[in-house]
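*Asks:* Chains as they are written, first to last, in the numbering used here: chain B, 271 to 722; chain C, 57 to 964.
A hint or two may mislead.
Said to hold, decoys possible - Derived list of chain C stretches under chain B, where covered just means 3 residues or more per stretch with a C-beta under 8 Å from a C-beta of chain B:
hint, segment
1, 318 to 330
2, 696 to 703
3, 754 to 768
4, 834 to 843
5, 900 to 907
6, 910 to 923
Claimed, not checked - DSS-like mimics (lysine-lysine), calculated; alpha carbons at most 27 Å apart, straight line:
hint, chain 1, residue 1, chain 2, residue 2
7, B, Lys496, C, Lys919
8, C, Lys160, B, Lys701
9, B, Lys701, C, Lys693
10, C, Lys878, B, Lys496
11, B, Lys477, C, Lys919
12, C, Lys792, B, Lys477
13, B, Lys658, B, Lys675
14, C, Lys548, B, Lys633
No lab work stands behind these hints, which were simulated from the structure alone.
Glycine included, every Cβ here is placed at the ideal spot set by N, Cα and C.
Okay, here's what each chain looks like letter by letter:
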Amino acid sequence: MKRRDFLSAAAVATLARGATDFAPKAKRVIYLFQSGAPSQLETFDYKPALEKMRGVELPDSIRQGQRLTGMTATQTSFPLVPSQFAFKQRGQSGAWVSDLMPHIAKVADRLCFIKSLHTEAINHDPAVTFFQTGFQLAGRPSIGSWISYGLGSDNKDLPAFVVMISQGTGNVADQPLYDRLWGSGFLPTKYQGVKFRSQGDPVLFLKNPEGVTPATRRSYLDDLAKLNTFKLNDTGDPEIATRIAQYEMAFRMQTSVPELTDLSKEPDHVFARYGPEARTPGSYAANCLLARRLAERGVRFIQLFHRGWDQHNHLPSQIVNQCLDVDQPTAGLIEDLAERGLLEDTLVVWGGEFGRTVYCQGKMTADDYGRDHHPRCFTVFMAGARVKRGFSFGETDDFSYNIVKDPVHVHDLHATILHQLGVDHTKLTFKFQGRHFRLTDVHGNVVRSLLS
Amino acid sequence: MRLVFLLACAASLVAQPIEFNRDIRPILSDRCWTCHGSDAAAKGIRLRLDQPEPVAAARQLIAERIATPNKAKRMPPVHTGAGLSTSEIATINRWVDAGAPWQKHWAYLPPQRPAGQTIDSLVRARLTKEGLSPAPEASRETLLRRASLDLTGLPALPGEYDDMSYEQAVDRMLSTARYAERMTAKWLDAARYADSNGYQTDGERQMWRWRDWVLNAFRTNKPFDQFVIEQMAGDLLPYATLDQKIATGFQRNHRGNGEGGIVPEEYLAEYAADRVETMSTVFLGSTIGCARCHNHKYDPFTQKEFYQLYAYFHNIGERGRYFKFGNTPPFIYAPTEPQQTKLAEIEGRLTAAEARLRPGAASGPLTWKPSLDLTTPEKYTPHYTARFTIAARFTPLAATANVVSKALPEAESNGLRFEMKDGRLQVNLVMRWLDDALRVETERTLSPGQNYHLAFTYDGSKLAAGIKVYIDGKPEKLRVLVDELNQDFLVKEPFVLNAPDVNIYSRALPPLEVAFLAGAASGPEATRRQFLETTDAKAWAEVVQLRREREAFLDNVPTVMVMQETGKPLDAHVLIRGAYDRPGDKVSPGVPAIFANKPITNRLDLARWLVSRENPLTARVTVNRFWQSIFGVGLVKTAEDFGAQGEWPSNPELLDWLAIEFMDSGWDVKHLLKTIVLSQTYRQSSRVSPELLARDPENRLLARGPRFRLDAGAVRDQALYFSGLLVERVGGPSVKPYQPAGLWKELSGGADYVPDSGEALYRRSVYTFWKRTSPPPTMANFDASGREICTVRESRTNTPLQALNLMNDVTFLEAARRLAEKIMAHPAGLAYGFRLVTGRAATPDELAVLLDALERHRATYEKDEFAARNLLAHGDSRRNTDLPVADLAAHTLVSSLLLNLDEGITKE
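With these hints in hand, go ahead and build the complete structure from the sequences.
*Replies:* Printed below as a string of structure tokens:
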């Protein structure tokens, strides 16, 4: 009997009901997390009325006394600043996408834009933690570990939840990340995300040490299994059988992971699709290509973190670079998945932890400005797995400050992601400290309008 | 298999009379009280099912509604998914039929010691009831290894206790520093100890002096009640010693947020709440934290009571925004014993030097100027952690003017500014206006056209309180406008001196010296100083030098964050829905009514109540945690929750017996542990039959001894120990052993982890530097808690990452090589190695596998000496070059095999 069967009544219930609650639309998720918070105003939330209001004070009727971060709360003036980048309507659907994202613009008809995401936190640490765990303070399981716990793995040679990190070229001294963002919180640690790294071993301690060949390792593992089996027969503890199996899985990972991360057999036209950085290990582009390979192999939850979006100052110059990092690889990934038939059952999500303010932070000149954190509205897009294509949902006011139609909370997004995976977010629970915890706490509604 | 077990449980239940606390309360709590609980009224629900009277009155209704075939009427409502099983319905019906008898929740009743019992008699009684019998005693070597791992975190070596009885061996184990290290490691998880602040940048903090206090407490077997009181309120004890103040660091181990832009009040509330929650978990086994936003749904805690507890903890004058790097006030200097000696010695010399200076009669005007540490703007760069003084003669011509600055040209931009704004004198130290800056200004205004002597001193504390401003040599009253300096205000721009006669000192001048500078010194002390400088410059220089030495010494003395009440108690309020910006009714400190009905007015009284006989929980919760660390699962499995949603104790009488024994012994931890490990229950063999395994997979009934994987620290520590690499030095600053390159950098882009070298690589894991956002990977792989919040339940998984870690991490490869050298030097060879790692002799079959492996690997490495050399090159320590390379490599690989054995990393 496996130990996890006894974690709690809730865990037993989850596992006993055959993983999903209903037929899933998505078998896996690729979450392209844009860490630092991309400005919705320069990318997807087109606000033409701002053009004429450049430098005008943010009206109190719009701010409504809402709290600001300590960085701008005592600013004496809140001048409006329009996007310096032009927008066009794209594709059949006519989605507004700025010139900063020409490749994403080309796949706009595949995308489902949510213009009305909102969150509760106004600073990076609590906001990213909230997006990842449904709670602002550290200590709860990340979304990927919930899914790993709820659905298990589709690939016996790879972990169910894989994380990759890249540093953007926008803000190079950008916000840090934290291991807990893919941690398992109070769930057993086996559900935590496994970080695939571009430096050293792709998975920590994966490679045999210098001086140990695969053949030597194989015979070593055979010896180990023999010795462990003697012990198993002697004591009867089933943990020993599990341990033997885990060493075999480790051995398989030693083959499957390098095979997975070895991009040398990818043809040139595939690299071309992901853009010039795709050959640079550890870049967002290379990670997108790896994400596709992970998806092909049935990894359940694949999450990229791309840092560098925190444009408090010098937004125009920084965001150009930052968009260059992600535009082509993101579009390339979506096209590539579509071409291989994987987009059918892969849910792709793109977005950051909050939006940015319509008013300028710091100095505003003819061609320079900054934007502070803005939790009240921002844009996230999804693609694949039967979410609506060429669709925009939710609206913000003329200032991209408040939501005027169809707000979508972080909990709602989580509920919707789980729903596409065939999981009822109210039923994926784990009992801890006397409570049946959920990713969505006691909140969250599936946003059915997004689903086709 | 699970089904079999559940049926077995159900069967055993049916045979027993219903007991409310064991059988009924868990069902009511889990399925009913979410709506029909303490805050039912808030939901517009009239029927309360958490009180005996309404339940008794509604007996019939309850029986009907839980079993009705009408889905619309069935309780719990179908849509909640919380429906009752057939056996649960049967249980409720039996209880209702019996008149629905009620009991107060067991955990709030005082523990009763069952008379004439022992651990073994209580365990046996339970086994007899289950029709089971205990397992035979484990072999002596197994038992010694088990006890040594439990009590010291390191295994017994072959022959180590040959000349002793088991009891003597246990006494020996309990007397070691290793014992203290083992106990401390467990306490650090509960106390959420770490070496970093935990949020965002996750800068380093310094709390190891608190960790060493814990080590010392266990080493000297400080009675546990004292252990609690000092950590909770050591600062409030009469004539509190330095150690007692350090102990309160327990309550400052929580994370601290230094991120730019946060709302400080929001985090002030978090810190105080964390203290309440940690105390509740670790001493009361209660989830009082649930009552932060609303009344507790299952346990008798109101939201108001949460904030009454909060009121004990929010009054230490801390900042909501913690410093990004280093300790945040309140903190104290916490010199180690050798440092205390050295400090006393410096201060002795200083006092003597000062005494040598006798005031003499000085004639003439007081013209002395401090010359020591005078520097120039060209040479000097002020830093945010440095002491300095800037002084100037200045005649303001307008109300706003620069005096001295070293800053970017734009207004409010980064750097240092000593300037006039609207007639007031301001000091600005800015890293990023407005959220990373310090600004103070004088209350007094200066008059245009008048000549002044202006000066300010800064003590390097990052605090507005560390700034003093002087006009004409007199200290000014200041207004603090911004007090959020968090990083260095360094800029490349040179000093701009807008005044003649600017003096810059690389120390914070005391008031009298500023007065001299301004020509405003007077009085006998001034006379004395002037005399000194003019007539005995050498003696004066010596005094200044010694003061500097004292300051420099203190700069290297560790500090520790502590609890320190402010003089003026802050009001505490209920926070509506837990929100920091929605204060409700005012509350005063107090403990929940379920526990006490007498006033407990301050933190010290609270601490004393925690360990008083009036509190039914602290002793139970504590003995349960010790039991968990030894048997793998607590008598109450939910070690963090003894409430209604927690698990009923597997042996309530035993839990109470242990609790009373613990208190009666004077809260003697060593006595408690010794009593447990000497019991026959503990000494059973851990072999298990398939039948017993199916019946009791988690060994809750204790019909066998414990068998489970070692915790993360022990896995690493014993590998170092077997190999002879372990450096056993007790205490001191945290160390940085091996860690794969890039782990810190890839998360933050900042500085990467730099491993230590030499002995620091081989210290016990309790000393490993703990960065919260990037914990040591081996610790994380082997289920160590994240140290984000108080964690008391132990968790164990079995993963491929652990296998990779043990096979390929340099720590274990180096240990294997060193172990190989020991094996080769031993006449028994591999048989010795096996015995060392497992604590027992290898069977012929096992030895045959090892010898065969050795031969094979040797043959491989003899053919490929290059590979052999590579395998031997892992780790900083040097290999024994006298040994043949291929042979050593083959032994290394077999040693690695030993370190990877399930048995090797398992206590059994």
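*Asks:* Each hint needs a verdict: does it hold in this structure or not?
*Replies:* Verification of the hints:
1. Proximity of the segment 318 to 330 of chain C to chain B, defined as three or more residues with a beta carbon under 8 Å from a beta carbon of that chain, is established by the 4 residues found.
2. Three residues within the 8 Å Cβ limit are the bar, and the segment 696 to 703 of chain C against chain B gives 6, so the coverage statement holds.
3. For a cut-off of 8 Å, the count of residues in the segment 754 to 768 of chain C with a CB near a CB of chain B stands at 4, and the three-residue condition holds.
4. Counting residues of the segment 834 to 843 of chain C whose beta carbon lies closer than 8 Å to any beta carbon of chain B gives 4, which reaches the threshold of three, so the coverage claim holds.
5. Only residues whose C-beta sits within less than 8 Å of a C-beta in chain B count toward coverage, and the segment 900 to 907 of chain C has 4 of them, enough to reach three; the restraint holds.
6. Coverage of the segment 910 to 923 of chain C by chain B holds. Counting CB-CB distances below 8 Å, 4 residues qualify, and the rule asks for three or more.
7. As the CA atoms of B/Lys496 and C/Lys919 are separated by approximately 26 Å, the hinted pair is consistent with the 27 Å bound.
8. This hinted pair checks out: C/Lys160 and B/Lys701 have alpha carbons roughly 23 Å apart, not beyond 27 Å.
9. Under the criterion of a C-alpha separation no larger than 27 Å, the hint pairing B/Lys701 with C/Lys693 is consistent with the structure, at around 13 Å.
10. The straight-line distance between the Cα atoms of C/Lys878 and B/Lys496 is roughly 24 Å, inside the 27 Å bound, and the hint therefore holds.
11. Simply put, B/Lys477 and C/Lys919 have alpha-carbon atoms about 22 Å apart, close enough for the 27 Å limit, and the pair holds.
12. At roughly 23 Å between alpha-carbon atoms, C/Lys792 and B/Lys477 fall within 27 Å of each other, so this suggested pair holds.
13. A distance of roughly 18 Å separates the Cα atoms of B/Lys658 and B/Lys675; the hinted pair therefore holds under the 27 Å criterion.
14. The suggested pairing of C/Lys548 with B/Lys633 holds, with an alpha-carbon distance near 20 Å, which does not exceed 27 Å.
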